[in-house]
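Residue numbers (the working numbering), protein chains in the order written: chain A, 6 to 209; chain B, 6 to 209; chain C, 6 to 209.
No wet-lab data here; the hints were simulated from the structure. There may be inaccurate statements among the hints.
Selected chain A positions facing chain B (Cβ under 7 Å, derived; list incomplete) [said to hold, decoys possible]:
| id | residue |
| --- | --- |
| 1 | Phe35 |
| 2 | Pro60 |
| 3 | Trp67 |
Yeah, the Cβ is synthetic: ideal placement off N, Cα and C, and Gly gets one too.
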Amino acid sequence: MLLTALELLGLVAFAASGALAAVRARLDVFGVVVVGLTTALGGGIIRDVLLGIHPPTTLRNWPYLAVCAATALVVFAFHPQVAKLRRAVLLADAIGLGVFATAGTTIALASGATVYAACLIGMTTGIGGGVARDLLLREIPLVLRKEIYAMAALAGAALVGVGHALLLPPGPVTVVAAAVVVAIRMLALWRRWNAPVARGSGDG
Amino acid sequence: MLLTALELLGLVAFAASGALAAVRARLDVFGVVVVGLTTALGGGIIRDVLLGIHPPTTLRNWPYLAVCAATALVVFAFHPQVAKLRRAVLLADAIGLGVFATAGTTIALASGATVYAACLIGMTTGIGGGVARDLLLREIPLVLRKEIYAMAALAGAALVGVGHALLLPPGPVTVVAAAVVVAIRMLALWRRWNAPVARGSGDG
Amino acid sequence: MLLTALELLGLVAFAASGALAAVRARLDVFGVVVVGLTTALGGGIIRDVLLGIHPPTTLRNWPYLAVCAATALVVFAFHPQVAKLRRAVLLADAIGLGVFATAGTTIALASGATVYAACLIGMTTGIGGGVARDLLLREIPLVLRKEIYAMAALAGAALVGVGHALLLPPGPVTVVAAAVVVAIRMLALWRRWNAPVARGSGDG
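Isolated chain A (complex conformation):
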């Protein structure tokens, strides 16, 4: 129940971030909806393809699609106001990252993946939608350029893996791990933490 609520929040957050980026790229309303949907659903589709779940779960649950499409339409209609909510969007994006990375790991473990593979698949679930968004909009994926992002997803996935190895119940572990991801992201944004760049790498 708590997990479903968190997952919906994550979907809405990712759909909003994709739609906002698409509005900025001057796409039409359908393009905005498609990029919003791709951002929200992309990570889960990649997860299901890697795990061999056919057809992908998100393509079988129409409420997910409806929620994401409605979110994108709201962003399209009210984008100046939404853009002002930058902090709220960043928080929601962090929640989405945390939920998808940790729930992805839990789902992979339940599908019989090893702890090691499950952590990688979980991290991919968390960052996949954003990478798809940036590829569609012809940008170098933000997760490769910005504050500790994929590292936060990997930390959450690893926590779920540790909990699994210790035989802890997966539900609470997922919630705690997701909260850790959100905390890392918020701290990274607040403190402007960044991983180091190679010195003298120039313009190549």
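Use these hints to put chains B and C onto chain A, whose structure you have.
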């Protein structure tokens, strides 16, 4: 029989559109063939990955590959003349979009997907090749920027879904739905229909 | 044993090429590692998705990941020196291309794919990682622009297919075919062989 003929026409059209775009991006002859193949076969490969059909159908039918490669080579050799055939290419591209979106939906339904999932997978089959082409050539996918395109594919997929729910025979339904997609695309091009862009979205 | 050693060399070479490109694009240390991993592991993941091997083999072997990540970190720390080793990197990249294209074909044949499908999947395994690298870094994939590259991979895959049809033992055939790929690539670089570009294709 009719479907196979239409499918070949769609493959040729998509291969030609990919090859033309690759010639414009100054790729060499192998690059032109690869982009042409990717555009023609990409949607079907994505469809089979989502449905869990291994290995993808198009990688098992060498005539498909031969037809697409030959098309790309013809475009490479005669590209100024082909470029003048812009209207014919747009018509053929619309036929390809219609055939792939509706046949993709029919194949997904035959694989046991729900109507809802089948429509999404069908739409993805129709637009997937063009998205892959634009990603390879580093352009924002045309389907996100241009006249009613993905919407036309979704309309065709939905018609197949309705026909399936009404227990109509899949063959004729697919042909009719593909024709509807072609008609929508041609009208959109002729009337310069476009979905609205958000006001004041600037250059972001 | 020989094959495992060659495969490790290929992973290291691809990881290094991805990491170097990421350093040039001014990514941070995590981005460099991610692009290095994607380049090294991408082809194998695409291969396993196409063959329906779940979850992908490379996500189940942590030593592969560790070797690739360590390579990327070494490149990040010593990139000016590594960049000077341009010829060594090109040689290693050619070895990686040869090993992945031919081993990918052998794995696909072992999974029951037809010779024809196996050759295409093998070529895709060889070039897939580099395409993913270039997409992430927003460049037109080098394999579409440069000296005989995908053609060399396809030649190696076809040799494995011929060996399979002649019932030759797969191990030695793979090694010989990989060596042929390396030789073609080295000759193409040395002689500056390039496939022809369409005349008068302009800037489109």
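Q: Could you check the structure against the hints above and give me the numbers of any it violates, in ascending order?
A: none
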